[in-house]
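Protein chains: 2
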Amino acid sequence: MATIHDVAKYAGISIATVSRALNKPEMVNAETLERVMHAARKLNYFKNDAKLQNVKNNKVSLGVIFPHITSYYFGELYSGISRAAQQHNIDLVLYELRNENISKQGLEEAFAFSKRHMVDGILLARNVPTAYDEAFERLDIPVALLLGTHESAKLPAFKVDDIRASFDAVSFLVSRGHRQIGMISLPPTDQMSDIVSRLRGFKQALDFYQLPFDEASVAYGNLRFDDGYSAMKELLASREKTGITAVFTVADEVAIGAMRCIQDAGLSVPEDISVIGFGNLSIANISTPKLTTVEQPFGNIGEEGVKYMAKVLSNPDHVEKGNFYLPYKIIERESVTERRALR
Amino acid sequence: MATIHDVAKYAGISIATVSRALNKPEMVNAETLERVMHAARKLNYFKNDAKLQNVKNNKVSLGVIFPHITSYYFGELYSGISRAAQQHNIDLVLYELRNENISKQGLEEAFAFSKRHMVDGILLARNVPTAYDEAFERLDIPVALLLGTHESAKLPAFKVDDIRASFDAVSFLVSRGHRQIGMISLPPTDQMSDIVSRLRGFKQALDFYQLPFDEASVAYGNLRFDDGYSAMKELLASREKTGITAVFTVADEVAIGAMRCIQDAGLSVPEDISVIGFGNLSIANISTPKLTTVEQPFGNIGEEGVKYMAKVLSNPDHVEKGNFYLPYKIIERESVTERRALR
Numbered sequence: 000m001a002t003i004h005d006v007a008k009y010a011g012i013s014i015a016t017v018s019r020a021l022n023k024p025e026m027v028n029a030e031t032l033e034r035v036m037h038a039a040r041k042l043n044y045f046k047n048d049a050k051l052q053n054v055k056n057n058k059v060s061l062g063v064i065f066p067h068i069t070s071y072y073f074g075e076l077y078s079g080i081s082r083a084a085q086q087h088n089i090d091l092v093l094y095e096l097r098n099e100n101i102s103k104q105g106l107e108e109a110f111a112f113s114k115r116h117m118v119d120g121i122l123l124a125r126n127v128p129t130a131y132d133e134a135f136e137r138l139d140i141p142v143a144l145l146l147g148t149h150e151s152a153k154l155p156a157f158k159v160d161d162i163r164a165s166f167d168a169v170s171f172l173v174s175r176g177h178r179q180i181g182m183i184s185l186p187p188t189d190q191m192s193d194i195v196s197r198l199r200g201f202k203q204a205l206d207f208y209q210l211p212f213d214e215a216s217v218a219y220g221n222l223r224f225d226d227g228y229s230a231m232k233e234l235l236a237s238r239e240k241t242g243i244t245a246v247f248t249v250a251d252e253v254a255i256g257a258m259r260c261i262q263d264a265g266l267s268v269p270e271d272i273s274v275i276g277f278g279n280l281s282i283a284n285i286s287t288p289k290l291t292t293v294e295q296p297f298g299n300i301g302e303e304g305v306k307y308m309a310k311v312l313s314n315p316d317h318v319e320k321g322n323f324y325l326p327y328k329i330i331e332r333e334s335v336t337e338r339r340a341l342r
Numbered sequence: 000m001a002t003i004h005d006v007a008k009y010a011g012i013s014i015a016t017v018s019r020a021l022n023k024p025e026m027v028n029a030e031t032l033e034r035v036m037h038a039a040r041k042l043n044y045f046k047n048d049a050k051l052q053n054v055k056n057n058k059v060s061l062g063v064i065f066p067h068i069t070s071y072y073f074g075e076l077y078s079g080i081s082r083a084a085q086q087h088n089i090d091l092v093l094y095e096l097r098n099e100n101i102s103k104q105g106l107e108e109a110f111a112f113s114k115r116h117m118v119d120g121i122l123l124a125r126n127v128p129t130a131y132d133e134a135f136e137r138l139d140i141p142v143a144l145l146l147g148t149h150e151s152a153k154l155p156a157f158k159v160d161d162i163r164a165s166f167d168a169v170s171f172l173v174s175r176g177h178r179q180i181g182m183i184s185l186p187p188t189d190q191m192s193d194i195v196s197r198l199r200g201f202k203q204a205l206d207f208y209q210l211p212f213d214e215a216s217v218a219y220g221n222l223r224f225d226d227g228y229s230a231m232k233e234l235l236a237s238r239e240k241t242g243i244t245a246v247f248t249v250a251d252e253v254a255i256g257a258m259r260c261i262q263d264a265g266l267s268v269p270e271d272i273s274v275i276g277f278g279n280l281s282i283a284n285i286s287t288p289k290l291t292t293v294e295q296p297f298g299n300i301g302e303e304g305v306k307y308m309a310k311v312l313s314n315p316d317h318v319e320k321g322n323f324y325l326p327y328k329i330i331e332r333e334s335v336t337e338r339r340a341l342r
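Heads up: the protein sequence lines correspond to chains A and B, in order. Letter 275 of the first sequence, counting from 1, is numbered 274 in numbering that gives the first Met the number 0, and no numbers are missing. Letter 119 of the second sequence, counting from 1, is numbered 118 in numbering that gives the first Met the number 0, and no numbers are missing.
No wet-lab data here; the hints were simulated from the structure. Everything numeric in this text was worked out from a predicted model, so none of it was measured. Warning: the hint list may mix true and false statements.
[Claimed, not checked] Below 25 Å or equal to it, Euclidean Cα-Cα: the simulated BS3-like pairs (lysine-lysine) are:
1) B:K232 <-> B:K289
2) B:K289 <-> A:K289
3) B:K58 <-> A:K232
4) A:K58 <-> B:K58
5) A:K103 <-> B:K58
Using the sequences and the hints given, assemble the complete structure.
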């Protein structure tokens, strides 16, 4: 069991200073405080502190760091996390990343929050570039990724294999007779992104089935309904040239926007153009027509993340790295049908 | 500034026992622990505890207790709360109520979580019956309600006036020439519920416009898409008798289910039957047709709750009670049109 002496020794700071840092933090400078807190955490000093223990009531807490609380998938992922957390008697502490993109500063704020709230582990729903590794090392709390991956694969990541799932979505359209297939994708960026890798799966499938790839068959936009609507408008404008009869979209909300655009142009889904989504969010079931889509098992992804964390927290030597792919499947509803001649 | 002596005096317990309760809680019985913690909280004892202060870094935390994380409105309410919390430099700590209905036990668990995580105030998104008053008194942390109300009106509640808003939704249909108006409602229950009070607003409006109320024009169900679908099926079955040309629904998701049911029956929205929703969730904008609906200002409701709490926390004598109604408005899209003859 670590004492204040151990903390002082580890931090290379006098006992008096450590005591001051712990009891009157406003009297020490930020760097010293950081060193002391790091040592205290490293040595599990706080676990011995009955008063903190009492307040926390011995319950393990897991931080959940999430962008886009308003997105449709948040609730589905969170309820998987929540279900598993209840089973493992773990408290959850949610933090919303406010920027669309996970800036380093945004992440540091999330980590500071997590430390203030004494979480024992963190589930982060985001891709993590290698450039951020140092921030994770300083954090010194175990982290698992959900939906995203770590560029240098040093963190465990729970997700579906986006490339394979996209390949299979295109195969599904091919199996329905479609040969001219369009895609609505996120714009490719420098930063590695799983959603962008869906475009790779799309291209691989065209290649595999020896179908033509035409730049005009791919439109780019963000992930909301309106983005899908405008991207589809572009695809319709070049339709005489491309002859597309089906569209693969990177997200359900985009697919629903695209369907609406097709309908507003006086065409019908799926008779004139079939549309397949990605996600299987609950909105897929309330659109007209109901959306055929690739199911991402959000609930299971959340559960697996919590289960992994429960293992790590009961045995800190248990560390796993790399991507853990969960199974996906295609949910067939009403938005894809057999190809028919272009009208 | 409270000392351990003050806590002992307030609790009527010896200093040694208080010290034991604070430092080795496992050595005292639950009742004693409860008394000590109550006294310590009451006297702000923990505020003097540098170690806790340090961990919390002087930041105020607000607990957010919420049912239905997966519901479409959660994100919209939470992002309003989150925006205001950031402005006031407040940390949020979310807790999901897992039962559809706020059982007393569920609430007690949420309160225990809030205490473990040392929140300074609580925003609760729920109706609270008088029978729960005692639990709130024991809680001893200020609470404000969002969307719901307190039956005995002892807690501040931020919401729209559901009766008036429903009255206005019906008025809107009347202004478009509709005279036979149906409703899809939550089943009336003993427990007071704001959503149920939308049925009262509906009836008051029929009364005001001297329109007939026919039991067969009201169907009951829960708040999801499928519930709206089946309720609409009932309304269609009795349509020859009731002659309804428009339907007021208690929630957007219900409205979208109802629209789909109408379409599946070979009728069209709004030409054959107009539909108006309640909420103005983001799904209202992605349905076909886009949904005309009563806007509940979820974001503002969240912000007002946080602002109130910031006031209370900076001045504990500042207490307000009762309902604070926020403005709503009708958002006109595509699902309501002028009445035409029954076909």
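- [ ] Below or equal to 25 Å on CA atoms is what counts here, so check K232 (chain B) against K289 (chain B).
- [x] holds (21 Å)
Task: Pairwise hint evaluation, K58 (chain B) against K103 (chain A), where the allowed Cα distance is 25 Å at most - done: Holds, because 22 Å separates the two Cα atoms, which is no more than 25 Å.
Open item on the list: Holds or violated: K58 (chain B) and K232 (chain A), Cα atoms, limit 25 Å.
Closed with: Judged against 25 Å, a Cα distance of about 48 Å means the pair is violated.
Open item on the list: Check whether the Cα positions of K58 (chain A) and K58 (chain B) lie no farther apart than 25 Å.
Closed with: holds (22 Å)
- [ ] Starting from K289 (chain B), check that the Cα of K289 (chain A) is at most 25 Å away, please.
- [x] holds (15 Å)
Checked against the numbered hints above, the structure violates only hint 3.
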